[in-house]
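At position 26 of the sequence shown (counting the first as 1) the number is 26 in UniProt numbering, and the numbers step up by one without a gap.
Hint data in this document are derived by calculation from the structure and do not stem from the laboratory. Keep in mind the model is a prediction, meaning the values are calculated, not measured. In this text, a Cβ means the ideal position worked out from N, Cα and C, and glycines have one as well. You may find that some hints are simply not true.
What the hints assert, rightly or not - Distance ranges between label pairs, derived from CB positions:
1) L42 / E12: 28 to 38 Å
2) T44 / L15: 15 to 25 Å
3) E36 / L15: 22 to 32 Å
4) K21 / N43: 16 to 26 Å
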Amino acid sequence: MFLLYLPAYSPELNLIEIVWKQAKYHWRRFITWTKETMEEELNTLLGG
């Protein structure tokens, strides 16, 4: 086991922050918001 020091707030090292940044970038392009379009974009974003 080893300890890894991370600064108190480091969004560039936090994977979920990177995912949210990409999600916001892709989702802001949409004018209409439906469940289907959000699911399609989420699948595209996550590579699924």
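Hint-by-hint comparison with the structure:
Checking the proposed 28 to 38 Å range against L42 and E12 shows it is violated: the Cβ atoms sit about 23 Å from each other. Checked against the given bound of 15 to 25 Å, the beta carbons of T44 and L15, roughly 18 Å apart, stay inside it. A hinted range of 22 to 32 Å holds for the C-beta pair E36 and L15, which are about 27 Å apart. In this structure the hint that K21 and N43 lie 16 to 26 Å apart at CB holds, the actual value being about 18 Å.
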